[in-house]
Structures are given as C-alpha cells and as structure tokens.
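Visitor: Go by the hints and put chain B onto chain A.
The residues making up each chain are set out below.
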Amino acid sequence: MSTATKPYDSTLQAALLLLPTAAVLVAFLYYPALETFRLSLYETLFLGQRQTWTGLGNFVSLLTSDVYQYSFLVTVAFAAVVVFGTLGVSLLIGYLIFSVDVRSSVYLVAAIWPYALPPAVAAILLNFILHPNLGIFTHYLELLTPFTLDWFNDGPQAFAILAVVAVWKQLGYNIIFIVAALSNIPEILTENARIDGVGRFRMLYKVYVPMIAPTMTFLVIMNTIYAFFSTFPLVDLMTSGGPSDATNFLIFKLYRDAFQFNSLGLASAQSVILFVVVSILMYLQLRFASGYGRYGG
Amino acid sequence: MATETDTTNIDARRLVHRLPDDVLLHGGIVFSILLMASPLLLAVIMSTQSTTEVYQVTNLGLGSKGLSNYSDALVNYDFSTYMLNSFVMSVIVVVGKVTLSLFAALALVYYRFPYERAVFMFILLTLLLPVPVRIVPLFQLMADLGWTNSLLALTGPYIASATAVFLFRQQFMGISASLVEVARLDGVGPLTFLFRVLIPMSRGMIAGVCVITFIYTWNQFLWPLVVVTDKSSQVVQVGIRYLQGSAQAGLTQWGLIMAGAVLALLPPLVVLVVLHRPLLRTLTIQQK
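Here the protein sequences come in this chain order: A and B.
Mapping the first sequence onto UniProt numbering, position 202 (from 1) lands on 202, and the numbers just tick up by one.
Mapping the second sequence onto UniProt numbering, position 26 (from 1) lands on 26, and the numbers just tick up by one.
One chain only, chain A, in its complex shape (with noise of 0.2 Å):
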C-alpha cells in the first residue's frame, strides 16, 4: 500500500496504538534477551546474588565441556532425524488425502488434530503406550519381532523413542501446509505427467515435491526450530536427559543449569548460543523460502 492511500497521519495516535504492544515486548522480550547477554558474561552465585566478571569465560568453559559439546550433539542429530522423519510421514499422508476429492474436509480434520495436542500429553500417552513393561505396542512389538524395548535403561532407544513422539505431536503442522500447497499447485502442470501414465508416487517425488520445494523448505526450518526448542516437556516427563546423556538435549540442560543448579551465568550463556541457533534459522528462512516463518508466540 503507498503512503498516498494512508488516511491518518497523527503520529501521537500512531504512537498510543502502538504503545502496548512495544511495552511488552520491551518489558518482557528485549529487555530480557539483553539482560541473558549481559548475565551470559558473569559468573554467578547465591541465586544470582553475587556477580563476577568473567568475560568469554562461561562460552569457553561450555565450548570445552565434553557434556555440553555432547548435548549439542545429540540435539543436532535429534533435530535431523525429527525433521525428516516428520517431512516424510507427513509427505505421505498428505499426498494420499490430497490424492483424494471425497470426504477430503473429514480426512483432513482426522489428520490434522495432532497440531492441537500438548506435547506434554504426547510424552504421557507415548510414555504408555511404549513402557517397557506395560506398553500394549511393546507387547505386541515384542511378541511379533525378535526387538526388545528397554528404552529406560538404553540410550539409543530412549534418543529413538524421543522421536517418535516429537515427529508424531509434528505431523499435524506439517500436513496442513503440505495438503494447502498441494492444493496450489495448477492442475495443468501436472496434467501431463498424469497423461503419461507415471505411477502414483513417482508422481509424487518426480512432479509434486520439487513444486513445493518453497513449502519444504519451510517446514524443515520450522520443524527444526521445534526440534531446539519445544521438545522440553518430552524429555522432562520420559527421560530426564538420560540413560547417561542420550537425551540430555540443549533446552534440557539448560533448563536444568538455570533452575536446579542456579548457575544463571553458564544458562545465560546457554541462551546465547541457542539465539545464534535461531538467528540463524530464522535467516536462512527470510532467505530461501519467501516470506517470514511463524515461532510460536
């Protein structure tokens, strides 16, 4: 819209209207971000109480620290598989729904509800559903395979099951933009490759994703954002971090440093370099795939 068509030119009303929303997000968003980068320089003691200066000296000490090197690790390889699992289960049952016209709306809503689930609630179903003792589908799973479940005890699994839970509570964001840009793309660019008789899934990777490649890129910086930074309340309720650190994950161990060790300092830090993380995403989003992308609030 030009400045032409722009009815009011009051810069105090402007300024009123604008006031709450710039209030909160100073009071509660950018003068704490501040303050994480300011605390991120100093030790800290006695709840914060007493400050010292130490300069770099929390990022050196967390950069050299063979349990936060491997936190970062695990997080990063856990993102990973989080993404692209997610993409291709979403992918598919996407593609089938868009595949078909009837009762599409119906299949749509019984696909899509996954979005409205609480992670917490995932963790505490799967936690169930999946225990190793009582879980009905490690009943069945190990009456049917030569697998055993021991994800209390065994790392891997634990990393595994993990992920299983945050690609499920996923599904559902990502099959509402891969259904909507399905939808999008004109039917006559796909018409002739439907003449030619390609199979239904060669369609699929062959026409339809490489015209969604802007969605995909999308959903792979939204899905990893959510791998970083919502996975909280998994770990907490399934895991705690362990078996010995396997799903000991940067927001984990943050959360932990911060609120049962009181060291604000090494947190602070530890926000610091996960607002690199998302500076980052973010830009490569601005970046490759038009348009800005959504983080929760």
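Derived from the structure by calculation, the hints contain no laboratory data.
On a predicted model such as this, the values are computed, not experimentally measured, just so you know.
Misleading hints may appear alongside valid ones.
What the hints assert, rightly or not - Not everything, but these chain A residues come out facing chain B in the computed CB check (under 8 Å):
#, residue
1, Y8
2, L18
3, L25
4, L73
5, G155
6, Y205
7, V207
8, M211
9, S271
10, V278
The C-beta atom is built at its ideal place from N, Cα and C for all residues, glycine as well.
Guide: Same frame as chain A, now just chain B:
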C-alpha cells in the same frame, strides 16, 4: 442398444480398473489416520480401567472404572483447578493478544508516521526471542515484580506478538484502497474505522489467530513450570507432571494418568475440530 451396452462395459471396465487404486488410497488414508490416533484411542480405553486391569497388558476392553478416574483426577488430584487456570490463562492471552495486535496493525497500515519500517522491524525481530532465549532474566524479573505464581506472570510475556501483528497487517493491506478512500472522505475516525470496517472484514483472520493463540497458550509447559511453584496456581500441562509423580506410589495408576492426559487434551482438540476452517486459512497465509 448396442452402443449403450458398449459404454456400460467400458464404464464397468474403467470402474474395475479404478477400484483397487481407490480402495488402496482410501485404505491407506484410513490406516494412517487410525495409526496416528491409536495412542489416543488406547488412552481413552485405559482411562476407564482400574490399575489391576491396566496391568493385564492385553486387556483392551472398557474397564470397570467407567468415568471415575476422571472424577478422581478432577476432584482428588486438583485437575479442576489446573483446567480452570489453563482456561483463564488462555482466554486472557487470546483476548489481550488480538486486541493489542489489532491496534498495532491499525497504526502500521493506516497511519503515516516517522520510522514506520523500523517500528515494524522492531516488532518482527522479537521472533528471534523465544522463551528459552530469555528465560533466566524473565524469571528474575517476575520474582522482582512479585509476580511469581500469578496470572500476570503466566499471561504477560505472551500478550504481545509479532505473529499476530504480522497477520493482521497482511489482512488489512488486502482490504481495497477504494474502501479506505471512502472512509477518509467521510471523515471516519480511526477507531470507528477499526470497529465498523476492519474487524467485520477480518472475522476469518481474527478467528484463525484466536485458534492458534488458544492452542499455543494452552499447551505451554516450560514457562508455567518455572514461574509457578504454588500448585493452586498451576496450569494443566504441568498438572500432568504432578499427577505422574503422585500416581507412582506403589503400582502406578496409569488409568488415572490417562484420564488426566485426556482432560488436558480435550479443550484444544475441540477448538481445532470446531474451528479448523479459519485455522487452516490463517496458518497457510502466514507462510507467504
């Protein structure tokens, strides 16, 4: 006659040819949907079972408890309090965020003022500041203000939002310029313009933002866990954590825990099913 049977034959042949494909397609969809829903369906069944029944792993019938696990969770394990707290928190954030964001978008789209672009960037940049990036000082701020364990701490940090401002701005920019011109020539004031023209024309978008915000707020876990320690002020997502802890004495009462989980899921699920149309429209707009 002959031609008619021919076409019928062809139709029939085409039908036979199409049938397995369609059956496979629908079968595939139904199978995936059931697989996705199975943990929830099982949880609903288990929530009616007694602890003894739950420990018979393959017992998949409705249990002897009926709905008493639900009343037990609501009455004896404080889920009625947690649910109410979650509901109040979510409604305050929805109303507050929509109101504040409508005002901000009104200013951004319909006012000429200095540094417009910078103000917009100032709002958008907060996308880089999710709760974990500022959680330590935010908690200290709440403690300094004496807001811990209060609704102010639960709602304040969520009440302004780059996403909602961005969406309403997009929506307003799509409203025809001639309409704005008419409003200007008639000398309509900004608030009248907002309430008489913009809001009625943005109903779908407002509904969508309400749904997104309600689900997002209801599902919050980390921040309430940190800032609320008094159980009577806690929200239902963290209530699940308490329930998991207290039901673990002796044989874990999984039926009770499942009932609590179903309760904590119900409100956002109902909102999604009822309002999925505006939700879908709004979500897919924000990607553009």
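Visitor: All the hints need checking, so say for each whether the structure fits it.
Guide: Results of checking the hints against the structure:
With 8 Å as the threshold, the beta carbon of A/Y8 comes within range of chain B, its nearest partner Cβ sitting at about 5 Å, so the hint holds. For A/L18, the interface hint holds, the least distance from its beta-carbon to any beta-carbon of chain B being 5 Å, beneath 8 Å. Nearest Cβ of chain B to the Cβ of A/L25: about 5 Å, under the 8 Å cut. The hint holds. Contact between A/L73 and chain B, as hinted, is not supported at the beta carbon level, the nearest pair being about 19 Å apart and thus beyond 8 Å.
For A/G155, the shortest C-beta to C-beta distance to chain B is roughly 22 Å, which exceeds 8 Å, and the interface hint is violated. Contact between A/Y205 and chain B, as hinted, is not supported at the beta carbon level, the nearest pair being about 16 Å apart and thus beyond 8 Å. The interface hint given for A/V207 is broken, as the beta carbon of that residue sits about 17 Å from the closest beta carbon of chain B, more than 8 Å. A distance limit of 8 Å between C-beta atoms decides the matter here; for A/M211 the minimum to chain B is near 15 Å, and the interface restraint is violated.
Hint status for A/S271 relative to chain B: holds, with the closest Cβ pair at about 5 Å, below 8 Å. The beta carbon of A/V278 comes within 6 Å of a beta carbon in chain B, closer than 8 Å, and the hint placing it at the interface holds.
Figure legend: structure checked against the earlier numbered hints; hints not met, in rising order: 4, 5, 6, 7 and 8.
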